[in-house]
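Participant: The chain contents come next:
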Amino acid sequence: MDVLVFSIFNGVLYGALLFMLSSGLTLIFSMMGVLNFAHASFFMLGAYFAYSISTFIGFFPALLFAPLIVGAIGAFVERYGLRPVHRFGHVAELLFTFGLAFLIEELVQLIWGRVNVPYRVPEFMREAAFSIQGLDYSIYRVFMLLVSVAIFVALFLLLTRTRVGLVIQAALSHPQTVAALGHNVERIFMLTFGFGCALAGVAGVIGGNVLGTEPAMAIQLGPIIFVVIVIGGLGSLGGALVASLLIGLVDNMANAFNVSFAPFFALFGITADLGGTWEDLARITSASIAPVLPYLMLVLMLIFRPRGLFGTRDT
Amino acid sequence: MTRGIRLFGPWALLALLMLGLPTLFDSSFALTVLSLMGVFIIFSCAYNMLLGQGGLLSFGHAVYFGIAGYCTIHLINAVEDEAIWFPLTLLPLIGGLVGLVLGVLIGFVSTRRAGTTFAMISLGFGELFTAMTLVLLTFFNGEDGVQGNRVYEPRPLGISFGPEIEVYYLIAIWTFIATAAMYALTRTPFGRVSNAVRDNPERLEFIGYSTHRVRWLAFALSSFFAGLAGALHAINYEHVGFETVGVQTSGLVLFMTYIGGIGSFLGPIVGAVLISYLNASLSDLTEAWFLYLGLVFVLTVMFAPAGLAGLITMHEPLMRVDRSLLRRLALPYLAAIATTLLIAAGAIGLIEMVYHLTSDLAFDSKTTVFWIELDTEAPWPWIGFAVLLGAGLLAARRTYPQVSRIWDATVAEARARLLG
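Line order of the protein sequences matches chains U and D. So the first sequence is residues 1 to 315, counted in our numbering. So the second sequence is residues 316 to 735, counted in our numbering.
Since the hints were derived computationally from the structure, they do not count as laboratory data. Possibly wrong hints are sitting among the right ones.
What the hints assert, rightly or not - No more than 25 Å apart at the CA atoms, straight line, and that leaves these computed lysine to any residue pairs for SDA-like:
#, chain 1, residue 1, chain 2, residue 2
1, D, K681, U, W112
2, D, K681, D, L597
3, D, K681, D, I658
4, D, K681, D, H671
5, D, K681, U, L107
6, D, K681, D, A659
7, D, K681, D, A701
8, D, K681, D, S596
9, D, K681, D, A662
10, D, K681, U, I111
11, D, K681, D, T691
12, D, K681, U, R114
Stated by the list, open to error - Covered stretches of chain D (in silico footprint by chain U; criterion: 3 or more residues with CB under 8 Å from a CB of chain U, positions within the stretch not fixed):
#, region
13, 370-382
14, 420-433
15, 445-453
16, 560-572
17, 598-607
18, 612-623
19, 659-673
We put the beta carbon where it would ideally sit given N, CA and C, even for glycine.
Just chain U, same shape as in the assembly (with noise of 0.2 Å):
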């Protein structure tokens, strides 16, 4: 039971914090045709500026201003970059992003280093805030969940109530229309664009201490919040709200309950005598297959239902 409700508590983190990084790539790509390939990058980049402002002047500085320098440095991107791009079309947008995601690797190594920084999470977040059953669960962790809700209300709100939220909206579905009101399309793209950048910069923030602040950790997420948004649908951010979790969840779910998968492909005669490829398929536990488990859904999600949970176009 306990182990249940500590996964379903990581499982929501997880999915939460995808959602930070998913909702920006979403909102940018529903507004501006453009996947972004290296938002990831920017998650990472969130998570190095942390590390460098928070070894000077702490943890909290670090979430307000760390978000604040990604986020300028997406619109930068977005104006000197991708604009120029924009006129040879989506898939030179998208090489350029590519591109990118590379640099910032590389740029990041040239600065940081080719290992791990350590970035810790601050010293009185580490203690337990509940524990159950001997099992801790920290106050870094709580923090992190409540900074995730407040983003996710946040955002909500904004784009739900406010004037900005209902430009932003118009200019989702109807960009010409909301150019020839008076607005200034384009730089409501860049705006939205350093500020997805800046969300993804949060998610780095708070989740480079836990996962791990290393040149990898954005080719490591990058393809997991495409997945998340190909699965909750296209453009859609509620989809996207689904999707995180349920990613997040199933990856939790498939550590924490390591259930073989022997039984199922006995059903075909295939079992651990056989030897060779045979056994290795009939030792499949959901632990071992866990990293495969988002892909795997994708595949499933583009055969069976190519627009995604919520999605209302076929991209």
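Since the structure of chain U is provided, determine the placement of chain D on it from the hints.
Facilitator: Below, chain D without anything else, positioned relative to chain U:
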């Protein structure tokens, strides 16, 4: 007659070049690089069947390259164990078939959409297979990869494929066959329809073609040639590791193809030759090689979307009108190239010194940049490179616009002469 020369001349030249190169460069390093070039020429031409000719951007094409490599090594090992027998010279065909089967299966799902969706699906499949290398250990053997020994009996004509030179000729012959086949494909109705799917899918559907089936066929054929290249890669190294399946290899072939130029058949070949050479020779010299490669790629996407080959072929219409028009461009080009070199020298110097400072492998503050030993703690090297960079950037504000101004004027004049 002249038509024959125009058609077969370049291929005869290519064949001569491939035959003669090992006599010019016969060091072990040169042979390794030449073999690598052959493999990546096939791979990037196959990749360009998708990206350049079909308009499909894939982030996971290394799957077909890598899995074919694994199958090839397993087959070599099976021959070694005398379970079956198969001639080494024809192994690339088996690799190609593996690629084809995978391409037919995965292509059916992934080519229903083009553009961004296709790119994402290809990435998903790439990640799926990369993750599988750590699960199915008997086949992939995890991070170590699988080894093989390509030398086995019998040895036709005394060729054992032990020495590097014999493998080079095997790769060269297959490279010739594969590139010729891929070029011939661009000339078939299928090649034309594939271009049409890229340029105007809606119209093609109206004419009665199924865009899905055309993309599917292009994907399967491209996977076939990728698999062929993967088999040669495996034979060349006698080892396949999990990174051959992953996004690094997919990214490398994308960089080669795009920087070379996706608009012409020659582009990917140029890119593969250039980047294979630089990759082999620079990755030992500098830690920052991938940073430079990424920078060149991003700059290509932003300013020269037709790639290196595109930069050259855009002069062809001018040549046809009047060769002397090109002479006007020579001086501005020289000035622009000089400023670019200045910027590059300054930037490379600064990047190398920063790398030296942050590197864990550095023992002291001394480093060698451009064959000069420099002290990274002294201010002068920093100031020197910064001045080079600044001067280059300042000069570029004059020389780059000048190039585009004179280019526009020359094109306008050529057009005026043509029209009247």
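Participant: Hint by hint, say whether it matches the structure.
Facilitator: For each hint, the structure was consulted:
1. D/K681 / U/W112: Holds, because 20 Å separates the two Cα atoms, which is no more than 25 Å.
2. D/K681 / D/L597: holds (20 Å)
3. D/K681 / D/I658: Distance ~23 Å between D/K681 and D/I658 Cα, so the pair holds.
4. D/K681 / D/H671: Given that 25 Å is the threshold and the Cα spacing comes to 9 Å, the pair holds.
5. D/K681 / U/L107: holds (22 Å)
6. D/K681 / D/A659: holds (21 Å)
7. D/K681 / D/A701: holds (18 Å)
8. D/K681 / D/S596: holds (22 Å)
9. D/K681 / D/A662: Between D/K681 and D/A662 the Cα gap is close to 18 Å, so the pair holds against 25 Å.
10. D/K681 / U/I111: With Cα atoms ~18 Å apart, D/K681 and U/I111 stay inside 25 Å; holds.
11. D/K681 / D/T691: Holds, because 6 Å separates the two Cα atoms, which is no more than 25 Å.
12. D/K681 / U/R114: holds (20 Å)
13. 370-382: Satisfied; 3 residues make the cut.
14. 420-433: holds (count 7)
15. 445-453: holds (count 7)
16. 560-572: holds (count 3)
17. 598-607: Coverage by chain U holds here, the residue count being 3 at a Cβ distance below 8 Å.
18. 612-623: holds (count 5)
19. 659-673: holds (count 4)
Of the numbered hints stated above, none is contradicted by the structure.
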